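Please construct the entire structure, taking both the sequences and the accompanying hints into account.
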Amino acid sequence: MKRLLAVIDGEGRDIQAVLAAEALRKAAQTEGRPLEIKVRDRRQPLDVVPDDGTTLLLVGADEGALGRKADRHLTLDAVLTDPAGALRDAADDGAVLASRIPSIVAVTSCPTGIAHTFMAAEGLQEGAKQLGYPIRVETQGSVGAGTPLTDEEIANAEIVLIAADREVDRSRFAGKRVFASNTKPAITGGAKLIERALAEATVQGGAGAAAGSAPAGAKERAGPYKHLMTGVSFMLPFVVAGGLLIALAFALGGIHANDDAAAGTLAHTLFLIGAKGGFALMVPALAGYIAYSIADRPGIAPGMIGGMVAAMLGAGFLGGIVAGFIAGYGVDQLNRWIRLPKNLTGLKPVLILPLLGTLLTGLLMYFAVGTPVAAALAFLTEWLRSMQGSSAILLGVILGAMSAFDMGGPVNKAGYAFSVGLVASQVYTPMAATMAAGMTPPLGIALATFLFRDRFTAEEREAGAAAGVLGLSFITEGAIPFAARDPFRVIPSLMAGSAVAGAISMASGVELKVPHGGIFVLPIPGAVTHLLAYAAAIVAGTTLTAVLVGVLKASHRDPATA
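Using numbering that gives the first Met the number 0, the letters of the sequence shown map in sequence onto residues 0 to 561.
For the record, the hints were derived by calculation from the structure and aren't laboratory data. Computed from a predicted model, the values in this text were never measured in an experiment.
Straight-line distance between alpha carbons at most 25 Å, and here's what the computed SDA-like set of lysine to any residue pairs gives:
#1 Lys37 / Ala16
#2 Lys341 / Val202
#3 Lys191 / Gln124
#4 Lys25 / Asp81
#5 Lys183 / Asp485
#6 Lys191 / Ala483
#7 Lys128 / Leu4
#8 Lys183 / Glu157
#9 Lys191 / Pro480
#10 Lys552 / Thr187
#11 Lys128 / Glu461
#12 Lys128 / Ala154
#13 Lys191 / Thr201
#14 Lys183 / Pro101
#15 Lys552 / Gly467
#16 Lys225 / Pro409
#17 Lys128 / Gln15
#18 Lys225 / Pro348
#19 Lys275 / Thr528
#20 Lys347 / Thr357
#21 Lys128 / Asp13
#22 Lys341 / Arg171
#23 Lys128 / Ala200
#24 Lys183 / Pro236
#25 Lys183 / Tyr224
#26 Lys183 / Lys225
#27 Lys128 / Ile153
#28 Lys347 / Asp168
#29 Lys25 / Leu4
#30 Lys347 / Ser170
#31 Lys37 / Ala27
#32 Lys552 / Arg452
#33 Lys275 / Met307
#34 Lys183 / Glu458
#35 Lys225 / Leu197
#36 Lys225 / Ala375
#37 Lys275 / Ala375
#38 Lys347 / Gly174
Here is the structure:
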């Protein structure tokens with residue numbers, strides 16, 4: 000009878016690991032099987048597993064050389080449920096790879112690359128821990144890829160799970176089983192998403208795909224919203240850089256920093272870099288990466304050129320959105336229609352598709368789309384600039400409520416994208432209202448946990464302090480844990496506070512030239528107008544949210560807080 004060695008790795012579930020070890024030990028005594036058990040301590044290296052025909056049973060985590068060497072893999076839950084069955088299966092010759100714990104790699108990303116990116120990663124890691132599966136997550140955040148996946152990790156993975164609200168480059172996953180989702184399922188139920196991915200993942204086509212895989216370029220079809228969010232994601236750095244440089248120019252040179260009389264000064268130079276450089280590239284970047292999301296790399300040039308044409312025609316961000324979709328879907332369709340001999344296929348992505356796509360997009364923008372879209376943008380811009388009194392307040396209420404409704408979800412991002420796009424048309428009031436409304440939910444929650452301490456658990460009070468820091472940074476997602484636990488009382492409170500903050504900001508005519516950063520950009524001279532009124536809007540919205548949360552929770556006490 001072969002010697003059997005069981006290595007148990009609880010990976011944070013120490014009690015379950017000890018219980019599993021004892022259950023296996025008793026089962027081995029009952030069955031009369033020789034069994035050695037080691038409970039792994041991650042602070043110390045595991046002894047070398049003998050290479051003498053010993054059958055290695057790994058319970059729990061599956062990582063590195065140990066995981067690849069194991070003959071049988073089981074979860075902690077499986078061993079605790081049926082230790083005798085687990086022992087019999089492990090001892091059977093040949094009962095090995097069929098039940099291996101799957102190795103998973105994942106990529107998470109969101110349009111702003113801040114909160115949802117990392118919350119989705121945390122959700123997947125927690126879900127994998129519950130299932131006993133190994134996982135490596137690459138976060139594609141605002142500063143690029145964090146903890147990037149290596150080629151070896153990708154090669155050894157059984158599936159690739161992409162949880163993203165924008166398009167992610169999949170070229171390195173050719174030939175692998177890939178499953179794509181947005182970030183919300185990863186945040187709210189990582190374990191369920193992993194199980195669904197294991198069942199539904201399909202082979203990713205592309206260069207180097209395995210024989211019998213899907214056609215090159217095959218991927219799950221994304222909707223227009225995801226394509227738009229991809230464009231917004233890549234546009235944001237241009238808006239931020241351009242807006243801050245313009246604000247610095249006005250801080251150094253005053254309101255006349257952009258006049259010809261100031262030419263040659265540092266302030267005028269900063270203004271030119273921000274306005275003629277950063278802002279000039281906003282619309283082309285938006286259009287180019289909408290097209291990239293739809294048609295991959297061949298869509299970038301037609302999209303960016305179409306965006307530049309939209310800017311030249313005065314169609315602004317609306318024209319850029321239209322140009323991006325024309326270029327993306329046009330190039331995607333051309334790619335399907337055009338069939339070339341194998342020795343000429345290399346010309347398609349670098350010559351034929353960019354040329355024909357640019358021709359199609361440019362001509363349509365010039366002769367069919369550009370003029371009416373420019374007229375629509377001019378009307379929208381003039382209408383927003385002329386807003387006074389009740390109309391301005393109504394827009395602030397709508398943008399505020401949208402910001403708090405799903406806290407970083409599609410409704411929130413739709414209002415945010417609308418406001419960011421208007422920055423390119425020098426309409427800054429909606430951006431101010433949107434940021435004030437986005438800061439209010441987590442700040443209001445933080446204040447509520449301080450004012451009404453007896454209505455929150457100790458864990459919630461600790462999370463409230465973290466939510467306050469996120470709120471100061473304009474990361475609305477800090478309120479999500481509280482809304483998820485008590486949505487019918489918390490979400491209406493958040494929406495009311497954000498609506499008030501947005502309304503006060505719009506009514507006061509506050510303008511914000513930078514689309515992110517929270518309070519950290521407010522002290523920059525020129526970044527925001529009517530600073531005191533803006534601060535009052537944020538304070539009023541925060542206070543209303545906190546009071547409503549406290550009152551509603553008092554009317555329905557949670558037993559956990561008693």
